[in-house]
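Chemist: If you're matching positions, the sequence shown starts at 2 in my numbering and goes up one per residue.
If you're looking for bench data, these hints aren't it; they were derived computationally from the structure.
Treat the hints with care, as some may be off.
[Stated by the list, open to error] Quick list of the computed label-pair ranges, beta carbon to beta carbon:
hint, residue 1, residue 2, range
1, D65, T33, 24 to 30 Å
2, T126, Q88, 17 to 23 Å
3, V4, E77, 19 to 25 Å
4, D107, T8, 34 to 40 Å
5, A142, F69, 20 to 26 Å
6, H134, C22, 33 to 39 Å
7, E73, L152, 20 to 26 Å
8, H25, W83, 16 to 22 Å
[What the hints assert, rightly or not] Here are the simulated BS3-like pairs of lysine-lysine, each with C-alpha atoms no more than 27 Å apart in a straight line:
hint, residue 1, residue 2
9, K114, K103
10, K114, K101
11, K108, K84
12, K114, K43
13, K114, K84
14, K43, K84
Virtual Cβ for every residue (Gly too), placed ideally from N, Cα, C.
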Amino acid sequence: LTVDRVTGIVSRGGAIMARWCLAHHQENFLYTHFEEICEIMKTYDIAFSLGDGLRPGSIADANDEAQFAELETLGELTEIAWKHDVQVMIEGPGHVPMDKIKENVDKQMEICKEAPFYTLGPLTTDIAPGYDHITSAIGAAMIGWYGTAML
């Protein structure tokens, strides 16, 4: 799903997991052992922060098939965690232009059953190097307006 992206997989963790899956020809072990991990998390009363390993690294990739496919998986994992009485928050998104922020929040709320959504931004443009704090503040103001739980 990421092969046609302008910026590929930009998440360090996402890239490591993708490389591991390709090298071992296996599904992500965190995914296949998620129920067991939930049991450990419950034992120690630890909340999950389910990350965005396929977050868009450029606005050209925002709200693409890869990002939303991962969101579907995060929704599935959220329900499994809740079944184990483990709290969950969802991290997202990455680079998202202003006209796609609302769609991003709405999909997260629907797919992840309104699990708390926290964001670092999003960055609303790719053409302001050195000014991430400004473009991120614009994205944060908008995504906060649309209902994200934590900035």
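Chemist: Against the structure shown, which of the earlier numbered hints fail to hold, in ascending order?
Modeler: 2, 4, 8
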